[in-house]
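Produce the entire structure from the sequences given, and follow the hints as far as they go.
As they're listed, the protein sequences go chains A and B.
Heads up: the first sequence begins at 2 in the numbering used here, then just goes up one per residue.
Heads up: the second sequence begins at 14 in the numbering used here, then just goes up one per residue.
Rather than coming from a laboratory, the hints here were simulated on the basis of the structure.
We treat Cβ as the ideally placed atom computed from N, Cα and C, and that holds for glycine.
Honestly, I wouldn't trust all of these hints.
Stated by the list, open to error - Not close to chain B: a few residues of chain A, all C-beta gaps over 12 Å, as computed:
#1 ILE21
#2 HIS72
#3 ASN97
#4 GLY129
#5 ASP189
#6 GLU219
What the hints assert, rightly or not - Which chain A residues face chain B? A few, computed with CB under 8 Å, are given here:
#7 ASN53
#8 LEU58
#9 ASP59
#10 THR82
#11 ARG85
#12 PHE91
#13 LEU102
#14 GLU106
#15 LEU110
What follows is the residue order along each chain.
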Amino acid sequence: MSTIIEFKNVNKEYKSGDHILKAMDDVNFTIDEGEFVVILGPSGAGKSTLLNLLGGLDSVTSGQIIVNGNHVESFNDNQLTEYRASNVGFIFQFYNLIPNLTAIENIELMKDIVDVNIDGLSVLDSVGLKSHANQFPAQLSGGEQQRVSIARAVAKQPTMLLCDEPTGALDSKTGVLILNLLQSMSNDRNTTVIIVTHNAILAEAADKVIRVKNGQVESIVINENPKKVEDLDW
Amino acid sequence: MAFLGVYVFVGFGAESFGFEQTADTYYDETNLADGWIYTTNLDDDFVDKVNGLSLTKDSEKKLIVDSIADLENDPDITLHFLQDDDISKFYPVKGEDFNLSDGDGVWLDIRFAEARDLKIGDNITFEFNGIEVEKEIKGLGYSPEHLYQTSDSSMIPDYNKMGFAYMSHKAFPMSDVPYNVLLVKYTGNSSSYEKQLDNDLDRDYSSFMPRAQHPSFAEFQDETEQHKMMTDFIPLIFIIIAMLTLLTTMTRIINNQRTQIGVLKALGFKNRSIMIHYISYGFWMVLAGSILGFILGPLTLPPIMFEEMQQLYSIPYWLTGFDNSFIVVTVAMVALSALVSYFACRKIVGESPSSAIKPKVPKVSTSGFVERFGFWKKLSFNARWNYRDAKRNKFRALMSIAGVLACTLILVASFGCMDGFDEMKEWSYTDINHYSSKLVLEDNATDSQIDHIVEEVDGEKLMESAIEIKSGDVKKSGVVTVLDDNELYTPTDDDKNPIEISDDEISLSKKMAELLDVKVGDTVKWHILDSDKWIETKVTNLHSDPTSQGIVITKEKLDDLGLNYTVTSVISDKDVDDNFTGVKTIFSMDSLTDSWDEMMESSMSVIYLLAAFAAILSLIVLYNLGLLSFTEIKREFATLKVLGFKSKYLRKLLLTQNLWFTTIGFIIGVPLGREALQYLWGTMGDSFYLKATLSFKTLIITFVIVYVVSIFVNLMFSGKLKKLDMVESLKDNE
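Put into C-alpha cells, the structure is as follows:
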C-alpha cells in the first residue's frame, strides 16, 4: 500500500490579541491508500483543527501537508477549492444536505464541480436508498440523511472520505450501520476513510488509530487485525 | 425603510397639498371672482340687473384690454382698469398699495418688471386701440387672475414678453370707461348661477366664464390635480412597499432571535420583560425613522418643486401643505411594526423554553406540479434550487417582485412623461403646424392689411377663435380652427396621419368628444366667445390634436353657418421678422419649440427625483429581503463551499433568483406603468390629448436601472459570500 497523505511537522497557531494558541504542535503522520483511519481525542485536543487542515478549510502556520504528491499547504484559495472538490469527500455530523434538493439531486449536484460521470441512482443504491431518490432531506430520517451524505461524498470518487463525528447525531444502532457502511467503503472499494471522533470504542475497528492530545500526536497504533464494526462492543 | 416611506409620502404630500392650500389661501386673500361676465354694454342698468339676482353676492366692473408696452420687442400687457378693488384684488409686494384715487400711477406685474428691469418710479407707456397712456410705476405685485400667463401662441410663460398692469378707472384717458367685464361673487354652483343669468338677463351678454374655465385658474387647478395624482398615487405605492418590507423584516429579525428568546426564558426572565425588550427594539428605530421622515419630508422636498413651479406660476408665496393623512400614515407605520413584532414575539414567548431554545424546524420542500414535467430533469441545479427556494419563501419572493414592479412602474411612468412631451412636440409642431412663422393679427386688422401681409410673406390665412361648446349639461372651452385651403396647417387623425376636412364636415377633436361624451353623429352646441350666437351642429368626424381641443371646419362651412370669417393669424413657411401694420406678434417655429423645451425642462426635476426614489426603493427592498434570506441560507452556502463549490457558483445562485424576480417585476411593471401613464395624461387637463406610448429608449433606461440595481444588490452579497466562514458556519447545529 502506498502513502497517500502525509503531515510533516505541521504547526497551527491562532492569535487572539497577544495570546498565541498552539492548536497543532509539530504533528507528523502518514495515511496509506485504502486505510480505515480513526483519529481519536478528547474535546479541544486539536481534532477539528487537524480535520480542517486536511480538508483544505484552513491553512497551516508551518509544515507540509502532502496529498497525492501535492503540497496542500502551498495552495491558494482557488486551488484549495479545487482540492476540496476533487480530493475530499466530506461527511458531516449534521449531514448538511441541501434542503431544497431531493436525495438524488443532492448527489447529482456534484456533477457541477467534478469531472466525473455520476449515476445518482446507482450510488444511492449502493447505500440502500434507491427507493428514496426523490425525497427531500427533511422527509428522511437522520440515518438516511447520513447515508445520502455518504453517497454524495463517494460519488465524487475522492482521494479520501473525511468524516467529522459521523454518528454524533445518531442513535447507536443507526450509528453502527453508518460506520459499517464506511468500513466497507474502505475494505471493498479501497477508499481511504478518515473518521474523527471522541468515541474510543471505534479504535478496535480501525486499520490505524491516531490519538491526539493538546495539539500533539500522542500515539499512532496500527491494528494488524481490525475488528468488524458490528462486532464491537457498543 | 420607515424613514424613506414616511419621508417620500409626507414630503410629496406636503407639496401637493401645499399647492391646493397655497391657491386657496391666495384666492381667499385676494377675493378672486367666482365668475366673469363679458359684455360690451356694461351699463349701470346691467350691473343692477346682475346685482338683483338672488344668487349674486357682489359684483365689480372693470375694463380688461390688451395693450402693447412701448418697450423693446413690443411686449403684450393686459391692462385692468378698475372701478373698485374688492374682487380679484391686486396683491402688492413692492411700492405703494393699490390706490383707486390715483389716476397717474400704474401697478405692474412684478415678474414682468423683474424680467424687464423696471423700477418703481419709472414711466411706462401702453398703447391700445390707438390710445396711448403713460403712467408712473407706483407698485409691483401679483394678480390672482394672472397665476398662469401665456400669450397667443407661446405655451409657457415668458415674463419678458408679457405681463399685466392694474390702474384706477381715473387713469383711463376718457371719463367714460368702456367697461367690458363684470366680476361676480355668487352663492351656489356655477351652473345654477348661469341658469339664473340665462333666465333673468335674457342672455343679454356675450359670455359667462365660471372660475373653472378661467384660463389662469384652470391651468393651476390642472397642475394641482396632476400633482395630486402623481403625489397621491406614487408615494402610496411607496409607503405600501415600505410597510410590507418593514413588517417582513421585523418578523424575521424576531424569528432570528428565537433561540436567544428561548435562552432568556430558560434563564427565568418574565415573558413580559422579554416582549418589552424585543418590541421596543424595533419600535424605537421605526419611531425615530418615521419622525425623521415626517419632519424632513416637508422641509426638503416641496422647496425643490416649488422652485420649478415658481417659473410657471406667478404666486407671491408658496405654502407647505399639511393633511391629516400624514399623521395617520406615520402612526400606522409605527403602530403596525410594533404590532407585528408583538405577534411574532408572542408566538415564540408562548412556547415552552425547551422548544423555544431550539431553532424552528425549517419549512419542508415538496415536489410539486412543475417537477412532473420532463423538462424539470433537464434544468440546472441552479434553476431547481432557486425555484424551490422561491416556492418555500413565497412571501419573500412576492415582496421582491413587488419591489421591482413598483420601481419599474414609477420609472416607466416618469420617463414615459418625457416621451409624451417629445411626442406632443413632434405631433403639434411638425405634423399639424408646419409653418416657419406665425403672424398673430391685431383684433382690428383690416382686410387690405391682411391681404398685403399674405402677399408679402406668401402666407396662408388662419382663423383660430376661442369657443364655448356644450352637449347636455357639460360645457367646455375650446378653439374653432377655420381652414382656408391651408397647407401649413394639417389636421391629423389618431395615428398622426393627415386628414382632409371637406366643406360639409364638422370635425371635433377626440379629447373634446370624450369630455363632452359625444360620438360622430351626435349634436353639439357652440358659440364663438366674442359673439352670443349659439350654433347647433352635428359632429361628422373626429380629428386628434395633442394640445388644442375644439372644432375644425372650412371657411365655406363657416359661411354656411352664418358666422363671420375673422382671420386671426397668417402663417408662412418663410422666416419673417419684418413688422407689418396689423400684426400683433410674430412667432417663429423655433421660438415655439424652444419654449416647449423649456417647459419640459421644468418637469425634469420631478421626474429625476421620482426616478431616484424608485431606484432607492427597489434597492432597499431587494437588499433587505436579500439580507434576511442570506442569514437563512448561510449554512447551505457554507456547506456548498466546503464541498468545493466556487464562490462564483454561489454568486450565480443568488444572482439567478434576483434576476428572476427582477424580470418578473419588470415584465409586469411595464404595462402597469403604461396604464399609470395613461391615467396621468388623463389628468393633464382638458386641452391635452395623448395616448400613452413608451419609447424604446424609456424601456431601455428603465431596464438598465432596474437591472443595475438588482445586480448591485447582488454585488453587495458577493462580498459576504467571500467572507463566509466555512468552519464557523458548520459548527452550529441548525
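> Can you name, in rising order, the numbers of the hints this structure does not satisfy?
Replying inline: Violated hint (a single one): 3; every other hint is consistent with the structure.
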